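A.B. asks: These protein sequences, in sequence, are chains E and Y.
Position one of the first sequence corresponds to residue 7 (this note's numbering), numbered consecutively onward.
Position one of the second sequence corresponds to residue 5 (this note's numbering), numbered consecutively onward.
Don't take each hint at face value.
Chain E stretches covered by chain Y per the calculated footprint, using a threshold of three residues with CB under 8 Å from any CB of chain Y [unchecked claim]: (1) 68 to 76; (2) 80 to 88; (3) 142 to 148; (4) 174 to 188; (5) 229 to 243.
Derived by calculation from the structure, the hints in this document are not laboratory data.
Every value quoted in this text rests on a predicted model; they were computed, and no experiment measured them.
From the three backbone atoms N, C-alpha and C, an ideal C-beta is built for every residue, glycine too.
Each chain is listed here by its residues.
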Amino acid sequence: MRRAPCLLLLLGTLPLVARAADAPTGWPALMRLKADDALRDFAAATPGRETDFGRAVALLARSPVTPEQVAEARGIFTRLADSGTDDVAQGARYFLGRIAQHHLETADPAEAARQYRQLLAEHGDSLWAQTALTRLALLELYPDDPAVTPAAAVAAGERLLAQARLPAAQSELHLVLADAIFFYRLPAAEALPHLLAAERLGRLDRPTRADVLVQIAEVLALGGDAAQARKFYTTFLAEYPLDQRNFMVREKLAAGVGRGR
Amino acid sequence: MKASHLGIALLVAGFVAATAQVWQRTHPPADGRVTVRLSHWQLEGTVREGLAAVARRYEQLNPKVKVEILVVPERVYRQWMRTQLVGGTAPDLIEYTMYWGRIEELAPRYFQPITRQVAEPNPYNRGTPLAGVPWRDTFLDGMNGPDGYNTLMRDYYAPTIAAFTMRLFYNRTLLREITGRDEPPATWREFLALDAAVRAYAQRQGRVLSTIGNSWDNCWWLAEPVLHGLGSHLSPQLDHDHTLSLSYWEIALGWRRGEWSYRTPELANALRVFRDLGNASQPGFVQMRRDVAMLDFLRGHALILCAGSWDASSLRREAPFDVGAFRLPLPGREDPEYGPQTLGPLSDGAVSTSTPFYLNKASAHPEAAVDFLRFLTSVEGDQIFVNVSQWLPAIRHVRPTEFSRRFMPFYDGYNWGASYFNNTGSEMTMFFLGEMHRLFGPGGSVEAFQRELETAGPERAERDLRAHLRDSREAFNSDDVTAAARLRVAGESDRLPASPALLEAKYYQTARVLAATAHPEVKP
Chain E
7 MRRAPCLLLL
17 LGTLPLVARA
27 ADAPTGWPAL
37 MRLKADDALR
47 DFAAATPGRE
57 TDFGRAVALL
67 ARSPVTPEQV
77 AEARGIFTRL
87 ADSGTDDVAQ
97 GARYFLGRIA
107 QHHLETADPA
117 EAARQYRQLL
127 AEHGDSLWAQ
137 TALTRLALLE
147 LYPDDPAVTP
157 AAAVAAGERL
167 LAQARLPAAQ
177 SELHLVLADA
187 IFFYRLPAAE
197 ALPHLLAAER
207 LGRLDRPTRA
217 DVLVQIAEVL
227 ALGGDAAQAR
237 KFYTTFLAEY
247 PLDQRNFMVR
257 EKLAAGVGRG
267 R
Chain Y
5 MKASHLGIAL
15 LVAGFVAATA
25 QVWQRTHPPA
35 DGRVTVRLSH
45 WQLEGTVREG
55 LAAVARRYEQ
65 LNPKVKVEIL
75 VVPERVYRQW
85 MRTQLVGGTA
95 PDLIEYTMYW
105 GRIEELAPRY
115 FQPITRQVAE
125 PNPYNRGTPL
135 AGVPWRDTFL
145 DGMNGPDGYN
155 TLMRDYYAPT
165 IAAFTMRLFY
175 NRTLLREITG
185 RDEPPATWRE
195 FLALDAAVRA
205 YAQRQGRVLS
215 TIGNSWDNCW
225 WLAEPVLHGL
235 GSHLSPQLDH
245 DHTLSLSYWE
255 IALGWRRGEW
265 SYRTPELANA
275 LRVFRDLGNA
285 SQPGFVQMRR
295 DVAMLDFLRG
305 HALILCAGSW
315 DASSLRREAP
325 FDVGAFRLPL
335 PGREDPEYGP
345 QTLGPLSDGA
355 VSTSTPFYLN
365 KASAHPEAAV
375 DFLRFLTSVE
385 GDQIFVNVSQ
395 WLPAIRHVRP
405 TEFSRRFMPF
415 YDGYNWGASY
425 FNNTGSEMTM
435 FFLGEMHRLF
445 GPGGSVEAFQ
455 RELETAGPER
465 AERDLRAHLR
475 DSREAFNSDD
485 VTAAARLRVA
495 GESDRLPASP
505 ALLEAKYYQT
515 ARVLAATAHP
525 EVKP
């Protein structure tokens, strides 16, 4: 009789166990950041590089993320990256860069940049390398070395544009370059080509596109190109009729753009 | 019966009851209908009835679906929701707001994005002016609010059902008694004159009466528009990225970089206005909570209450007098003292809708749940909700009621989206609110408040920024994992498997500014 509640509790957990066993790999669980479930699913899956890769990724998400766990993941990624050229090897190389960039207790930007450069050199066109390119750009744009001037940092970032193959990477790269120019208070006109390129690529999400249209119009107006500025202000008003900036944009159009801020 | 047997019996009874409840929630009703469950915390006025009315109409249109609404008080809602989510018994649709934080952790774990669905027209808008319009564009804010679109996840999540404004509610009967007029003040100078008239009236009548019924919470709602409104004249100078709006980083990092301070003329003016509003409130209000301010107002001890339009229907129901409402009359261009340093007219802020409902990833009936969301946010559904709740609509072409019309947002004005009040984050907000008593009363002054902010503020700001860096890193790391998983499961080859680089750039910018301006007493 005394064991009855325990038995009932145990019986109550059975459907949960049965449900989890249906999942073929740990990736669906990782999409939901359920790292423990993912690790269990990967352990039950067919052994191989993909499973090892998944397990290492899951280790980066299992709470609490300990330095030992990160070190274990790093070990797996290193083995995978150094023992092949497949998608798993590329993903592992990318994660080695990410670990050095953000997962370590003390970031190691030099190591992160080294991993990203190696990935770009070996598999420049791949999705992982193109993602690495945008992360490498951030390391170039915001270096630890105080001797690097803002203009030099931006120039280093701009040199990476030549390696951007995927439109998604090109778009991100142009956006972070323009943003760095604004952050460093460099002449706003230097951001214009990047903003225009990002807009032309057509990959911006709606809120970002709204910002970029306004930015282009504002920088053009500052530079005295009233006709072009008007075009972008008008596009903005047409595409975002409910944006909080509409009043200000309409005021600018009514007053004649290009007269400065 | 022995005590141990009774204990076991109670345990078994409790377990059976819990099992029955879980069974009931995870199995369809006996009539074969699908049950869609929705939870919220809105206990104001007739909001519950509004949602119930929408549910009943939906059930008429969809006889095979039953909508069950769970109302949980706000005080325990978050804990309740967490427990339900972890236990796998959470409703299909969950009200949550990203202002409560942790959305970067909650979203990938528990909430289902609806990006694909919101790009398609809402079928319940057939025959309306919104027929054929993508669902997301039927919202007044285009679903671009923080709950509608998650910039980190780059996905649309939660449709919203209402819009809100901050208003000064007033006791029309008492106003007539004091001034002989029905109309509230339209300018800052008229407000100051009203405050003087209230004081004189209270003294004449020997009555306990203040112009504003205020509290710690209400003060928060007052500080934001005052600092934003008076600060608008300064805002263009801080808009370094030329977006015609100020981001968190422009405000927070600009302050650290010394580009603005609470001594900057526009913000010093804002503090003066804020001080005058505090001095027009009942003594000791900074120690009180919003329910005390509400009671003061309802009992006739205060002429005015600063509150959100969400409280309007409650006030109308509870107040034994005629309630009016007006916008806070901030000093404008015409003001003799502040005019030269103002920018007008000012709008009510971003077009922003609220009361968002997230789709539970573990929902047993996601299609039915999304379908109910479509109806709830259709012209017909939101109109039903607005008519009963007296809240303002979130959907285009939905008309506010005669009563709620007076709270309609005013958009035709300047708005930079700047929060000089929140500044670097929650530490600074709490510090501001904790020290604001230095502004008020006979011994209070703007100078004393500014001095305290300069002395202890930088340390608080640094804590905010370091917390921001920590949270950002956690978010990037989580996003690395979910993005890699998404790549594997969904095979998205045109989307980079990482957080947006632009967001990650803000991390580096913050770190850079912090390194250049580090406070000696805050450990990294």
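A.B. asks: Hint by hint, note whether the structure agrees.
C.D. replies: Do the hints match the structure? See the list:
Counting residues of the stretch 68 to 76 of chain E whose CB falls under 8 Å from any CB of chain Y gives 1; the rule of at least 3 is not met. Note: the stretch 80 to 88 of chain E has 0 residues with beta-carbon separation from chain Y under 8 Å; the three-residue rule is not met and the coverage is violated. Here the stretch 142 to 148 of chain E counts 4 residues with a CB under 8 Å from a CB of chain Y, which clears the bar of 3, and the coverage holds. Remark: the stretch 174 to 188 of chain E is confirmed as covered by chain Y, as 9 of its residues place a Cβ nearer than 8 Å to a Cβ of that chain, reaching the required three.
For the stretch 229 to 243 of chain E, the proposed coverage by chain Y is not satisfied: 0 residues have a C-beta within less than 8 Å of a C-beta in that chain, short of the threshold of three.
Going down the numbered hints, you'll see the structure goes against 1, 2, 5, while the others check out.
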